[in-house]
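Based on the provided sequences and hints, a complete structural model is requested.
2 protein chains.
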Amino acid sequence: MESTRILLEAHEIPTHWYNIAADLPSPLAPPLLPDGTPATPEQLSAIFPPAIIEQEMSAERWLEIPQEVREIFRLWRPSPLVRALRLEQALGTPAKLFFKYEGVSPAGSHKPNSAVPQAYYNREAGIKRLTTETGAGQWGSSIALAGQMFGLEVRIYMVKVSYEQKPYRRLMMQTWGAEVFASPSKLTETGRKWLAEDPENPGSLGIAISEAVEEAAGRADTNYSLGSVLNHVVQHQSIIGLEAKKQFDKIGLYPDLVIAPCGGGSSFGGIAFPFLGDKAAGDKRAEKLRAIAVEPTSCPSLTKGRYTYDFGDASGFTPMMKMYTLGHDFVPAGIHAGGLRYHGASQLVSQLYHAGLIEAVAVPQLATFEAGVQFARSEGIIPAPESCHAIRAAIDEALECKRTGEPKVILFNLTGHGHFDMSSFERYFAGSLEDFDYPVEAVERSLAKLPVVG
Amino acid sequence: MESTRILLEAHEIPTHWYNIAADLPSPLAPPLLPDGTPATPEQLSAIFPPAIIEQEMSAERWLEIPQEVREIFRLWRPSPLVRALRLEQALGTPAKLFFKYEGVSPAGSHKPNSAVPQAYYNREAGIKRLTTETGAGQWGSSIALAGQMFGLEVRIYMVKVSYEQKPYRRLMMQTWGAEVFASPSKLTETGRKWLAEDPENPGSLGIAISEAVEEAAGRADTNYSLGSVLNHVVQHQSIIGLEAKKQFDKIGLYPDLVIAPCGGGSSFGGIAFPFLGDKAAGDKRAEKLRAIAVEPTSCPSLTKGRYTYDFGDASGFTPMMKMYTLGHDFVPAGIHAGGLRYHGASQLVSQLYHAGLIEAVAVPQLATFEAGVQFARSEGIIPAPESCHAIRAAIDEALECKRTGEPKVILFNLTGHGHFDMSSFERYFAGSLEDFDYPVEAVERSLAKLPVVG
Chain A
3 MESTRILLEA
13 HEIPTHWYNI
23 AADLPSPLAP
33 PLLPDGTPAT
43 PEQLSAIFPP
53 AIIEQEMSAE
63 RWLEIPQEVR
73 EIFRLWRPSP
83 LVRALRLEQA
93 LGTPAKLFFK
103 YEGVSPAGSH
113 KPNSAVPQAY
123 YNREAGIKRL
133 TTETGAGQWG
143 SSIALAGQMF
153 GLEVRIYMVK
163 VSYEQKPYRR
173 LMMQTWGAEV
183 FASPSKLTET
193 GRKWLAEDPE
203 NPGSLGIAIS
213 EAVEEAAGRA
223 DTNYSLGSVL
233 NHVVQHQSII
243 GLEAKKQFDK
253 IGLYPDLVIA
263 PCGGGSSFGG
273 IAFPFLGDKA
283 AGDKRAEKLR
293 AIAVEPTSCP
303 SLTKGRYTYD
313 FGDASGFTPM
323 MKMYTLGHDF
333 VPAGIHAGGL
343 RYHGASQLVS
353 QLYHAGLIEA
363 VAVPQLATFE
373 AGVQFARSEG
383 IIPAPESCHA
393 IRAAIDEALE
403 CKRTGEPKVI
413 LFNLTGHGHF
423 DMSSFERYFA
433 GSLEDFDYPV
443 EAVERSLAKL
453 PVVG
Chain B
3 MESTRILLEA
13 HEIPTHWYNI
23 AADLPSPLAP
33 PLLPDGTPAT
43 PEQLSAIFPP
53 AIIEQEMSAE
63 RWLEIPQEVR
73 EIFRLWRPSP
83 LVRALRLEQA
93 LGTPAKLFFK
103 YEGVSPAGSH
113 KPNSAVPQAY
123 YNREAGIKRL
133 TTETGAGQWG
143 SSIALAGQMF
153 GLEVRIYMVK
163 VSYEQKPYRR
173 LMMQTWGAEV
183 FASPSKLTET
193 GRKWLAEDPE
203 NPGSLGIAIS
213 EAVEEAAGRA
223 DTNYSLGSVL
233 NHVVQHQSII
243 GLEAKKQFDK
253 IGLYPDLVIA
263 PCGGGSSFGG
273 IAFPFLGDKA
283 AGDKRAEKLR
293 AIAVEPTSCP
303 SLTKGRYTYD
313 FGDASGFTPM
323 MKMYTLGHDF
333 VPAGIHAGGL
343 RYHGASQLVS
353 QLYHAGLIEA
363 VAVPQLATFE
373 AGVQFARSEG
383 IIPAPESCHA
393 IRAAIDEALE
403 CKRTGEPKVI
413 LFNLTGHGHF
423 DMSSFERYFA
433 GSLEDFDYPV
443 EAVERSLAKL
453 PVVG
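Chains as they are written, first to last, in my numbering: chain A, 3 to 456; chain B, 3 to 456.
For the record, the hints were derived by calculation from the structure and aren't laboratory data. Keep in mind that the hints are not guaranteed to be accurate.
Covered stretches of chain B (chain A as the covering partner; in silico rule of three or more C-beta atoms under 8 Å from a C-beta of chain A) [as the list claims (entries may be wrong)]: (1) 11 to 23; (2) 171 to 178; (3) 210 to 219; (4) 380 to 394; (5) 427 to 433.
Calculated lysine-lysine pairs in the BS3-like style (CA-CA distance at most 27 Å, straight line) [what the hints assert, rightly or not]: (6) B:K252 <-> A:K252; (7) A:K195 <-> A:K451; (8) B:K252 <-> B:K98; (9) B:K410 <-> A:K252; (10) A:K248 <-> B:K248; (11) A:K248 <-> B:K252.
A short list of chain B residues far from chain A (calculated; beta carbon distances all over 10 Å) [as the list claims (entries may be wrong)]: (12) L46; (13) S47; (14) I49; (15) E73; (16) G110; (17) K162; (18) R194.
Where is the CB? At the ideal position from N, CA and C, for every residue including glycine.
Below you can see the structure in the form of structure tokens.
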């Protein structure tokens with residue numbers, strides 16, 4: 003019987019991450035401060051360990067994955083590459099549909115791919131404790147897991163409304179030994195300030211980031227960690243595409259299309275960049291490769307945003323980075339794919355998009371859930387709302403193949419399972435989910451406020 | 003780097019189930035009606051298809067797994083055998099700890115191993131629709147998944163209190179296309195009768211079984227399916243142990259101990275019986291094999307029950323089977339391992355226990371959660387409360403090895419993940435879970451009421 007799951011052994015876990023910065027058509031635009039001067043590594047050292055800062059700035063093509071990190075990865079990696087044979091049959095498409103299934107990690111998503119090395123490098127630097135923020139909890143649970151694996155204390159500032167509405171993700175973090183606080187909290191200056199203004203403040207990612215950064219900056223034994231957007235996170239996620247390449251080699255295939263959801267950009271870059279690296283190296287098989295980033299119509303940073311310098315965070319604390327953005331204080335509609343509600347896209351993804359080397363498409367919420375349910379009924383796995391975006395685009399491409407008769411090989415990133423998102427399926431089945439248009443005026447207002455630098 | 007996960011390819015999925023009925027020291031005691039006459043296959047045909055009835059009665063050692071069933075299995079099977087290296091290190095034990103991880107199925111447990119063939123055989127028999135009952139929802143979600151895979155309608159009677167308190171498992175079933183009704187419902191005579199007596203009736207597994215059986219018995223196109231206890235379910239679950247044997251062969255090891263949680267008995271039988279089959283066949287490696295069924299102290303059917311004829315269900319509808327039982331109308335304490343709250347143990351498990359060929363141990367609730375949290379913090383995976391029972395016993399045996407210095411090979415069945423059970427971890431962390439003693443008098447009252455047959 004033919005395998006639909008292409009598996010690798012632990013010794014096949016990649017030994018190096020791929021860094022697409024080495025293969026960009028022009029050097030990455032440097033992060034700048036609001037006054038136009040370049041941000042320096044020293045400014046980052048209050049909250050990041052040296053190895054992470056070095057990776058963030060690196061233009062080396064290959065970065066070694068530490069052995070201890072690979073030893074943790076083998077708890078669930080290599081993740082399977084799966085042929086979605088039943089979905090192909092349901093669609094009646096001549097296309098071959100494959101997905102890389104990242105939901106096999108204990109935290110249920112691709113996020114531990116970066117959380118584990120971040121915890122490792124911090125422990126190596128003598129750090130005892132990590133702080134981070136989390137909304138829906140995918141990143142928070144990944145850092146909780148990773149911190150436990152390397153003996154670090156973990157403090158997570160969880161947006162208060164999520165803390166109250168999503169107790170199960172919070173419990174997951176606590177099961178792995180992390181301390182979780184509803185943000186705004188009384189533990190930081192920032193939190194106390196917001197609570198003084200409004201004791202009922204429901205919190206926001208911006209406030210939670212500020213609390214986590216404040217604690218990390220103020221304590222020598224404590225650092226901060228971030229789950230997407232930054233270069234080192236995108237590098238860490240390249241393990242997804244590197245494994246997928248080995249898996250395609252095993253069956254003698256190569257994808258024509260690589261598709262992934264795109265919020266901050268690490269799950270998209272993670273799966274697509276290693277294939278784009280082949281293309282940059284002149285690999286014949288990659289000559290016609292198309293990479294498609296899928297974003298929500300309600301938060302379409304690539305397809306509708308502006309390519310300009312903006313802050314990485316909602317509050318304007320970070321250096322400014324050149325990226326496609328809707329404006330850092332733009333607040334996207336409350337779609338269920340919380341991981342895609344980011345105002346911009348990583349510098350690396352943005353520069354490639356600007357150079358015309360990757361594509362982007364925006365899809366409306368209801369169509370993503372429709373695709374997710376069709377996927378679940380064919381392949382069994384119930385996908386996360388973020389992953390449903392990639393499934394939607396993959397199904398659309400497979401149906402286009404049905405029209406044209408082309409037997410394309412389509413790879414998409416199934417970034418996680420939906421076990422902690424069943425309430426969004428509840429709302430979908432109840433007919434109470436809606437689509438959201440691109441809010442032109444709100445975005446223009448937000449963009450108009452940006453300092454002009456670069 | 004050494005693999006901690008021992009993987010198999012799809013073509014290594016076993017082609018036959020193992021049936022320990024062929025290797026029992028004496029023939030299985032026949033099911034009897036309350037008047038002492040044997041139950042006949044015809045009496046089962048109102049609710050089961052012929053192939054299932056044949057399996058239920060079979061004494062053949064090997065039963066062929068249909069190709070279409072194996073094709074569904076390859077969506078997640080073979081499941082990994084995992085060396086719990088980090089847990090070994092945390093315990094400081096010379097033992098080698100392995101677990102077979104059944105939580106990789108889309109439904110998150112071992113239950114689809116039987117749901118899939120049951121759906122297949124029913125479709126082959128021209129059945130259009132399956133009914134079943136579910137409490138916490140593990141079996142219901144497995145039948146929903148399996149029904150979807152074979153194009154069957156699925157109707158699930160879910161105990162009303164669970165329907166209301168566990169919406170996410172219900173949503174999982176609905177995502178796979180099943181209809182889920184709170185039981186007692188207005189759809190059946192039984193349901194209407196209970197509702198007439200008390201419109202606020204919170205439901206029970208006994209009532210839900212009655213509703214599902216009533217609907218199946220009354221419609222020619224509808225059958226009923228059961229998720230544990232019966233011989234055919236235990237046979238189907240043998241795929242767990244059969245795969246594990248292949249996986250141990252790959253690394254040149256053989257277990258000294260096989261440990262599994264034991265409710266109805268299918269997850270225990272599923273992993274242990276293929277190894278006991280080796281022992282029965284005179285395999286030298288299995289000479290000293292010990293198989294340990296782990297049950298909750300609050301529902302200790304093997305360690306404290308009586309070996310006698312009792313009904314399989316709480317309401318007394320089924321034929322009587324010879325088994326270790328606490329009495330079919332004994333209501334166990336509300337522990338979180340809902341799958342272990344069964345009054346008896348399958349005939350096969352019971353007969354082997356009575357013959358002294360397997361062991362049993364009862365563990366208290368708090369100790370199981372303590373073990374589950376230690377496991378999660380070592381191996382990442384958050385286990386289901388049922389699985390925590392096996393982990394507890396495996397850790398205790400590993401600590402005994404530490405005392406004696408014996409490097410035993412211990413295999414346990416990690417029957418599922420705890421993603422839908424996080425509220426039980428919440429109560430554990432909050433200190434509001436309790437241990438329950440064995441309720442001697444309630445059991446004696448329940449046993450005293452049994453008709454004496456056999």
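Hints versus structure:
1. With 4 residues bearing a CB less than 8 Å from a CB of chain A, the segment 11 to 23 of chain B meets the requirement of three and the coverage assertion stands.
2. Check on the segment 171 to 178 of chain B: 5 of its residues sit with their Cβ under 8 Å from a Cβ of chain A, so the three-residue criterion for coverage holds.
3. Given as covered by chain A, the segment 210 to 219 of chain B fails the check, having 0 residues with a CB less than 8 Å from a CB of that chain where 3 are the minimum.
4. With a threshold of 8 Å between beta carbons, the proposed coverage of the segment 380 to 394 of chain B by chain A holds, since 4 of its residues qualify and at least three are required.
5. Check result for the segment 427 to 433 of chain B against chain A: holds, 3 residues qualifying (beta carbon to beta carbon below 8 Å, three or more required).
6. Distance hint between B:K252 and A:K252 is fulfilled; the C-alpha atoms sit about 21 Å from each other, no more than 27 Å.
7. Taking the CA atoms of A:K195 and A:K451, the gap is near 24 Å; set against the 27 Å cutoff, the hint holds.
8. Between B:K252 and B:K98 the alpha-carbon distance is near 15 Å, which keeps this suggested pair within the 27 Å criterion.
9. Restraint check for B:K410 and A:K252: the C-alpha separation of about 36 Å exceeds 27 Å, so the hint is violated.
10. A hinted pair counts as satisfied when its Cα atoms are at most 27 Å apart, and A:K248 with B:K248 qualifies at roughly 25 Å.
11. Distance hint between A:K248 and B:K252 is fulfilled; the C-alpha atoms sit about 23 Å from each other, no more than 27 Å.
12. No beta-carbon of chain A is positioned within 10 Å of the beta-carbon of B:L46; the least distance is around 29 Å.
13. For B:S47, the requirement that its beta carbon stay farther than 10 Å from each beta carbon of chain A is met, with the minimum near 30 Å.
14. No beta-carbon of chain A comes within 10 Å of the beta-carbon of B:I49; the shortest separation is about 26 Å.
15. Not every C-beta of chain A lies more than 10 Å from that of B:E73, the closest at about 7 Å, which undercuts listing it as non-interface.
16. Non-interface status of B:G110 relative to chain A is broken: a Cβ of that chain comes within 10 Å, the nearest being about 7 Å off.
17. Every Cβ of chain A is farther than 10 Å from the Cβ of B:K162; the closest lies at roughly 18 Å, confirming the non-interface assignment.
18. Annotated as non-interface, B:R194 keeps its C-beta farther than 10 Å from every C-beta of chain A; the closest such distance is 27 Å.
When held up to the earlier numbered hints, the structure conflicts with 3, 9, 15 and 16 and fits the remainder.
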